[in-house]
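Residue numbers (my numbering): 94 to 428.
If you are wondering where the hints come from, they were derived from the structure by calculation, not from laboratory data.
For glycine and all other residues, C-beta sits at the position ideal for the given N, C-alpha and C.
A couple of the hints might just be wrong.
Label-pair ranges, simulated between beta-carbon atoms [what the hints assert, rightly or not]:
id	residue 1	residue 2	range
1	Pro409	His227	51 to 57 Å
2	Thr102	Ser225	41 to 47 Å
3	Ala164	Arg272	18 to 24 Å
4	Arg219	Asn107	32 to 38 Å
5	Lys406	Glu211	33 to 39 Å
6	Lys196	Asp155	37 to 43 Å
Listed below are the simulated DSS-like cross-link pairs for lysine-lysine, each with C-alpha atoms no more than 25 Å apart in a straight line [to be verified]:
id	residue 1	residue 2
7	Lys228	Lys199
8	Lys248	Lys228
9	Lys196	Lys278
10	Lys344	Lys294
11	Lys335	Lys278
12	Lys228	Lys196
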Amino acid sequence: MLFEIKNLTKVYGNRKVLDIPELRLEKGKVYGLLGPNGSGKTTLLEILSFLLPPTTGEIVYDARTVDFSEAFLQGLRREVVMVEQHPILFTTSVYKNVEFGLKVRKEPKARRKRMIHEVLDLVGMREFAEASAHKLSGGETQRVAIARALACSPKVILFDEPTSNVDIENQIAIEGILRDINIQKGISVIFTTHNRIQATKLSDRIIFLFNGKPASSIYENIFSGSISTDGNGNKYCLIHNKVRLAVRTDKTGYVKISVDPKMIKVFPAQDSSAGGHKLVGRVMQLTDEGDHVRALIDIGIPISVLLGREKYKQAPILTGERVELFFPLESVEIM
Numbered sequence: 094m095l096f097e098i099k100n101l102t103k104v105y106g107n108r109k110v111l112d113i114p115e116l117r118l119e120k121g122k123v124y125g126l127l128g129p130n131g132s133g134k135t136t137l138l139e140i141l142s143f144l145l146p147p148t149t150g151e152i153v154y155d156a157r158t159v160d161f162s163e164a165f166l167q168g169l170r171r172e173v174v175m176v177e178q179h180p181i182l183f184t185t186s187v188y189k190n191v192e193f194g195l196k197v198r199k200e201p202k203a204r205r206k207r208m209i210h211e212v213l214d215l216v217g218m219r220e221f222a223e224a225s226a227h228k229l230s231g232g233e234t235q236r237v238a239i240a241r242a243l244a245c246s247p248k249v250i251l252f253d254e255p256t257s258n259v260d261i262e263n264q265i266a267i268e269g270i271l272r273d274i275n276i277q278k279g280i281s282v283i284f285t286t287h288n289r290i291q292a293t294k295l296s297d298r299i300i301f302l303f304n305g306k307p308a309s310s311i312y313e314n315i316f317s318g319s320i321s322t323d324g325n326g327n328k329y330c331l332i333h334n335k336v337r338l339a340v341r342t343d344k345t346g347y348v349k350i351s352v353d354p355k356m357i358k359v360f361p362a363q364d365s366s367a368g369g370h371k372l373v374g375r376v377m378q379l380t381d382e383g384d385h386v387r388a389l390i391d392i393g394i395p396i397s398v399l400l401g402r403e404k405y406k407q408a409p410i411l412t413g414e415r416v417e418l419f420f421p422l423e424s425v426e427i428m
């Protein structure tokens with residue numbers, strides 16, 4: 094087991110930002126942390142990277158109970174590294190930025206050179222080795238920061254929103270790098286994101302945080318929107334000015350809603366056999382989860398649906414297929 098967490102909390106003043114009764118993370122896996130702003134994702138990363146002590150609780154890393162003393166943490170920080178959302182590079186060349194940690198560890202010069210070239214190749218930045226780090230784009234900076242982390246030969250790398258400030262080309266490149274370092278090097282990866290598609294695509298398991306706590310799958314589809322009323326007096330939530338979901342509520346204005354992925358019904362397009370609020374979408378991804386099949390469907394926003402295996406066998410859907418989604422009123426909860 095990579096991490097075992099029990100009764101972990103983090104408190105700032107009177108505010109409890111993390112409250113995790115239990116969480117277990119396995120070695121060699123990719124974990125995506127999803128949740129709204131303020132849900133505790135970054136705080137959890139900082140604790141798991143041994144940069145921030147919890148207020149209470151126990152963390153076991155690789156069968157070692159963690160003592161948050163500097164003497165104990167020094168060795169662990171060689172194994173677990175974090176790449177921040179806005180990495181800071183030195184005002185020198187890309188090569189020397191990647192070399193810094195290896196020099197601190199007193200690696201021989203020939204070995205340093207070999208390791209630096211290897212990690213720069215892995216992130217596609219070898220040709221920038223002598224370039225000034227401060228002249229790089231946001232995506233290139235992120236890739237150099239990943240190379241710097243890889244040069245230290247860690248067992249675990251944690252990423253805070255690794256693609257939030259990069260263009261689409263670098264986003265695709267960084268997503269590929271995350272997969273490669275896990276598959277090729279066996280490094281465990283934990284990353285935060287707001288991108289449900291990215292989390293589903295990259296992760297062996299997605300962990301949802303809400304108000305500092307791991308949330309059940311009912312909170313998987315969390316959206317912000319505004320409550321309005323149609324011409325017939327029926328209320329709906331407008332999400333991103335694109336998607337209307339019928340709701341029962343007395344609230345007005347801006348709200349957060351959750352949609353239970355188990356309650357959404359999916360049928361081939363133009364099948365009108367179910368009642369309720371209906372939207373048309375396209376299947377983007379299907380994932381086998383044992384008793385269930387998870388479908389990621391684009392309805393103008395990406396939404397996750399959990400389909401029972403037996404029902405899926407009776408009426409299978411395919412990636413790329415157009416489908417109709419039915420949302421019973423009780424599937425949408427105002428948070």
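We went through each hint and held it up to the structure:
1. Pro409 with His227: 51 to 57 Å: holds (53 Å)
2. Thr102 with Ser225: 41 to 47 Å: holds (43 Å)
3. Ala164 with Arg272: 18 to 24 Å: violated (36 Å)
4. Arg219 with Asn107: 32 to 38 Å: violated (50 Å)
5. Lys406 with Glu211: 33 to 39 Å: violated (46 Å)
6. Lys196 with Asp155: 37 to 43 Å: At roughly 26 Å between Cβ atoms, aspartate 155 and lysine 196 fall outside 37 to 43 Å, so the hint is violated.
7. Lys228 with Lys199: At roughly 28 Å apart (the allowed maximum being 25 Å), lysine 199 and lysine 228 break the hint.
8. Lys248 with Lys228: Outside the cut-off at roughly 30 Å; violated.
9. Lys196 with Lys278: holds (22 Å)
10. Lys344 with Lys294: The hint is violated at about 35 Å.
11. Lys335 with Lys278: violated (41 Å)
12. Lys228 with Lys196: Within the cut-off at roughly 23 Å; holds.
In this structure, the earlier hints numbered 3, 4, 5, 6, 7, 8, 10, 11 are contradicted, and the remaining ones agree with it.
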